[in-house]
Amino acid sequence: MVEFLAQTGLNALYAASYLSLIAVGLVLIFGVMRVINFAHGELYMAGAYCVVALYAQGRAPFLAAVAAGAVFVGLLGLLMERALFRPLRDNPLGGLVASIGFLMILQAAAAMGFGVRMQNIPPASQEVLVIADRVRLALPRLWVIIAAAVLLSALWLFLKRTRFGWALRASAQDREAAALQGISIDRTARVAMFIGAALAGIAGALTAPMVSVNPNMGHSVIISAFIIIIVGGIGSLEGAVIAAFAYAFVHTFVATFADAVIADIVGLLLMLAVLIVRPTGLMGTRDRA
Amino acid sequence: MRKGWSLLPVTRRRFIGGAAAGLALAPAAARRAPAQDKVVRIGFLAPLTGPVAAWGKPGLDGCRIWAERVNAAGGIRLADGSHQVEFVPYDDEYDPATARVGATKLVMEEGVSFVMMLGGDPWPGAQPVADRTGMLFSTLLPSDLGPDTPTLIAPAEVHPVYNVTAVDWLAENRPELKTAVMCAQDDALGLPSVATYLAAFEAAGIEMLEEPILFDPATTDFAPIVTRMLARGPQIVCLDTCYTDYVHPICEQLFQQGFRGQVLSCTADFYDQIIARTSKEWVEGMLFQFPDFDDPALNADFINFEDPNGFFATYNERHPGEWGAVSWEYASIMDLWKAAAEKAGSAEPAAVLAAMKEGGKGPHIFGEAEWWGADLFGIDNALVGNWPVVAIEDGKARIKEFRSIPAWYDRHGEILKKWMTEYGQMWNQR
Numbered sequence: 001m002v003e004f005l006a007q008t009g010l011n012a013l014y015a016a017s018y019l020s021l022i023a024v025g026l027v028l029i030f031g032v033m034r035v036i037n038f039a040h041g042e043l044y045m046a047g048a049y050c051v052v053a054l055y056a057q058g059r060a061p062f063l064a065a066v067a068a069g070a071v072f073v074g075l076l077g078l079l080m081e082r083a084l085f086r087p088l089r090d091n092p093l094g095g096l097v098a099s100i101g102f103l104m105i106l107q108a109a110a111a112m113g114f115g116v117r118m119q120n121i122p123p124a125s126q127e128v129l130v131i132a133d134r135v136r137l138a139l140p141r142l143w144v145i146i147a148a149a150v151l152l153s154a155l156w157l158f159l160k161r162t163r164f165g166w167a168l169r170a171s172a173q174d175r176e177a178a179a180l181q182g183i184s185i186d187r188t189a190r191v192a193m194f195i196g197a198a199l200a201g202i203a204g205a206l207t208a209p210m211v212s213v214n215p216n217m218g219h220s221v222i223i224s225a226f227i228i229i230i231v232g233g234i235g236s237l238e239g240a241v242i243a244a245f246a247y248a249f250v251h252t253f254v255a256t257f258a259d260a261v262i263a264d265i266v267g268l269l270l271m272l273a274v275l276i277v278r279p280t281g282l283m284g285t286r287d288r289a
Numbered sequence: 290m291r292k293g294w295s296l297l298p299v300t301r302r303r304f305i306g307g308a309a310a311g312l313a314l315a316p317a318a319a320r321r322a323p324a325q326d327k328v329v330r331i332g333f334l335a336p337l338t339g340p341v342a343a344w345g346k347p348g349l350d351g352c353r354i355w356a357e358r359v360n361a362a363g364g365i366r367l368a369d370g371s372h373q374v375e376f377v378p379y380d381d382e383y384d385p386a387t388a389r390v391g392a393t394k395l396v397m398e399e400g401v402s403f404v405m406m407l408g409g410d411p412w413p414g415a416q417p418v419a420d421r422t423g424m425l426f427s428t429l430l431p432s433d434l435g436p437d438t439p440t441l442i443a444p445a446e447v448h449p450v451y452n453v454t455a456v457d458w459l460a461e462n463r464p465e466l467k468t469a470v471m472c473a474q475d476d477a478l479g480l481p482s483v484a485t486y487l488a489a490f491e492a493a494g495i496e497m498l499e500e501p502i503l504f505d506p507a508t509t510d511f512a513p514i515v516t517r518m519l520a521r522g523p524q525i526v527c528l529d530t531c532y533t534d535y536v537h538p539i540c541e542q543l544f545q546q547g548f549r550g551q552v553l554s555c556t557a558d559f560y561d562q563i564i565a566r567t568s569k570e571w572v573e574g575m576l577f578q579f580p581d582f583d584d585p586a587l588n589a590d591f592i593n594f595e596d597p598n599g600f601f602a603t604y605n606e607r608h609p610g611e612w613g614a615v616s617w618e619y620a621s622i623m624d625l626w627k628a629a630a631e632k633a634g635s636a637e638p639a640a641v642l643a644a645m646k647e648g649g650k651g652p653h654i655f656g657e658a659e660w661w662g663a664d665l666f667g668i669d670n671a672l673v674g675n676w677p678v679v680a681i682e683d684g685k686a687r688i689k690e691f692r693s694i695p696a697w698y699d700r701h702g703e704i705l706k707k708w709m710t711e712y713g714q715m716w717n718q719r
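These protein sequences, in sequence, are chains A and B.
Going left to right, the first sequence walks through residues 1 to 289 as our numbering numbers them.
Going left to right, the second sequence walks through residues 290 to 719 as our numbering numbers them.
Keep in mind that the hints are not guaranteed to be accurate.
Unchecked claim - Covered stretches of chain B (in silico footprint by chain A; criterion: 3 or more residues with CB under 8 Å from a CB of chain A, positions within the stretch not fixed):
# : region
1 : 336-345
2 : 517-526
3 : 534-541
4 : 704-710
Said to hold, decoys possible - Derived DEER-like restraints, expressed as beta-carbon distance ranges:
# : chain 1 : residue 1 : chain 2 : residue 2 : range
5 : A       : D174      : B       : P417      : 40 to 46 Å
6 : A       : A273      : B       : P695      : 52 to 58 Å
7 : A       : R59       : B       : R521      : 37 to 43 Å
8 : A       : Q126      : B       : G702      : 29 to 35 Å
9 : B       : T422      : A       : H219      : 33 to 39 Å
FYI, nobody ran anything at the bench for these hints, they're computed from the structure.
Cβ coordinates follow ideal geometry from the N, Cα and C atoms, glycine included.
For reference, chain A alone in the conformation it holds in the complex (with noise of 0.2 Å):
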């Protein structure tokens, strides 16, 4: 049982990390533009396809394509900064729809130009770890979680120890107040949609070759996202971090435990009851919300 338990911890453990950086990326973006971006999770997707281009199709190391993902999927970020954000920034209404269009595009260039079949990703690393006889952990997996805690830390000291963290922060709380203090309201914008959207092709760079990678793959991740940010409360990054933790141990371990549709529904009930208790979310705070 002892065995049982920390195999299921571990699953969660990994659940945990990939999710933190995908809602994680969704709250900087939404802290920042003030939009709800539909398409994030196919940005993870684009993230995962990045690697079936690079390292199952071009043979090029792994943790390079994972580099690069993280780079293009920003770029891409940057490109829906520019070309549709920017322009609809007094139109929150606008920016959402525009999201859904943009997500539209991406899982339409998937389909054309890899096909709508999943993807075959070969094992980035066949080594497991051995920590007990029924308690395992893949190395790929234990990837995920490092690389989590080493993004999420270094995004925390960026964001509470350097000039452009606080403006990104200051430009995040009131936008007005930021640029009349001098801060390039277009600058934070910018970064802040290249990070958040790396992180996002990060987690699907990183999870590729353990997933079904095909053009509809993140529809269910930003489910499990849009619950997380609300029950950690929108805007805030560290509730995304502690939500992300919470669903994902509750979610894994009622999957396990009873059953994965229940978890389902337990997650969601799991909204409800913050909702209920914080309407702000574990973390939020009025005007966030």
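The hints should help you fit chain B onto chain A, whose structure is shown.
For chain B alone, kept in the frame of chain A given last:
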């Protein structure tokens, strides 16, 4: 700059030249006309995109090879002469509403004489079209059959009933395996298969360690499901009729979480990729139900498929790495349809169906079979006979044996009916 709507600078000289060339080519075109005019159109209504596309698109590719072979050999000989065959595909996206639109278009606009489907979730969408028009439809999933639609047949695959053959073979050849667990996606393909495997395990004296795990088809991370399946130390892990998109990551998780027992699955499409995700040793002995067509066992006299080895070679040449469970199935249905149409001398759905079912027997790909199914499906519209049990040996799929489904059903039919009823899969429950 030219004025007016014309895009080409047509001069009198060019017009005369073009007309002369057209007249010169006309007799040759006219000579070919009779053969080209007579065409039988066959509808292919199956998922060509999305997670179930692996059971649609390879079938269409197989059908196109079949059509080339048949057309090259003179086409289909009906009472009014030879007809070329042409497939008209429509992607049903494994969705009933899309299937309804597709069925209507194929039957009402494209003038097809027969519609082949994968079946399952999309069938309820196409069913009203079949009922209204009397069009002959086929499904790979006999669980779609019912007495309300006598023009729906399952002439190739008796999914999921053939799954009993692998369990029966396993019980005989590896009697030391006594415990099993199972997982499946919770849908029209997964549930009847779960009931069938439960019946087969019960008949074989293999104990299920826990209830089958039914997962949401949107699942992407299978680690929790595999952890749960392995918690009780099963000897057999059964993957039911999981889609290819699930079989591969589940196998990878089984491998990573240390399972080294027997894996049983309805399909193992693209098993070379499973080997790449695990190891050749891990996959050794994995049992499933769909052979590669270069298997020497398919050259036996009782096999009703023209040159299976050549078909496999052509398929792999054109679609390398894409051979799967359904690559040959729709083509084998076309063999049956062609024989019946030639016997009837007509492509009319009613005439073909009558010719196909004459005498209650038919040439199924794996040997002579009988029209069967009233007990389970409410109508004898499934062509049932032998089915192969396939194992991976040294990295290659090989047929271990052909086993009789009716013979198993004669011994254990009541158990199957019990589990089908338990899961609400009998024809009168659906």
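Original post:
Does the Cβ pair D174(A), P417(B) satisfy 40 to 46 Å?
Top reply: Since D174(A) and P417(B) have Cβ atoms about 58 Å apart, the given range 40 to 46 Å is violated.
**OP:** Starting from the hint 37 to 43 Å, judge whether the C-beta atoms of R59(A) and R521(B) obey it.
**Re:** holds (41 Å)
Original post:
Is it true that Q126(A) and G702(B) lie within 29 to 35 Å of each other by Cβ?
Top reply: Check failed, 44 Å falls outside 29 to 35 Å.
Original post:
With a Cβ-Cβ cutoff of 8 Å, does the region 517-526 of chain B contain at least three residues near chain A?
Top reply: It holds, with 3 qualifying residues against the three required.
**OP:** Using the beta carbons of A273(A) and P695(B), state whether their distance is inside 52 to 58 Å or not.
**Re:** For A273(A) and P695(B) the Cβ distance comes to about 55 Å; the hint holds.
Original post:
Taking 8 Å as the C-beta cutoff, is the stated coverage of the region 336-345 of chain B by chain A satisfied by three or more residues?
Top reply: The restraint on the region 336-345 of chain B holds, since 6 of its residues have a Cβ under 8 Å from chain A and three suffice.
Original post:
Per the hint of 33 to 39 Å, is the separation of the Cβ atoms of T422(B) and H219(A) within bounds?
Top reply: Given about 35 Å between the Cβ atoms, the range holds.
Original post:
Counting residues of the region 704-710 of chain B that have a beta-carbon nearer than 8 Å to any beta-carbon of chain A, does the count reach 3?
Top reply: Violated - the region 704-710 of chain B has 0 residues with a Cβ nearer than 8 Å to chain A, which falls short of three.
Original post:
Within the region 534-541 of chain B, is the number of residues with a Cβ closer than 8 Å to a Cβ of chain A three or more?
Top reply: With 5 residues closer than 8 Å to chain A, the region 534-541 of chain B meets the three-residue bar; holds.
Hint compliance for this structure: hints 4, 5 and 8 are not met, and every other hint is.
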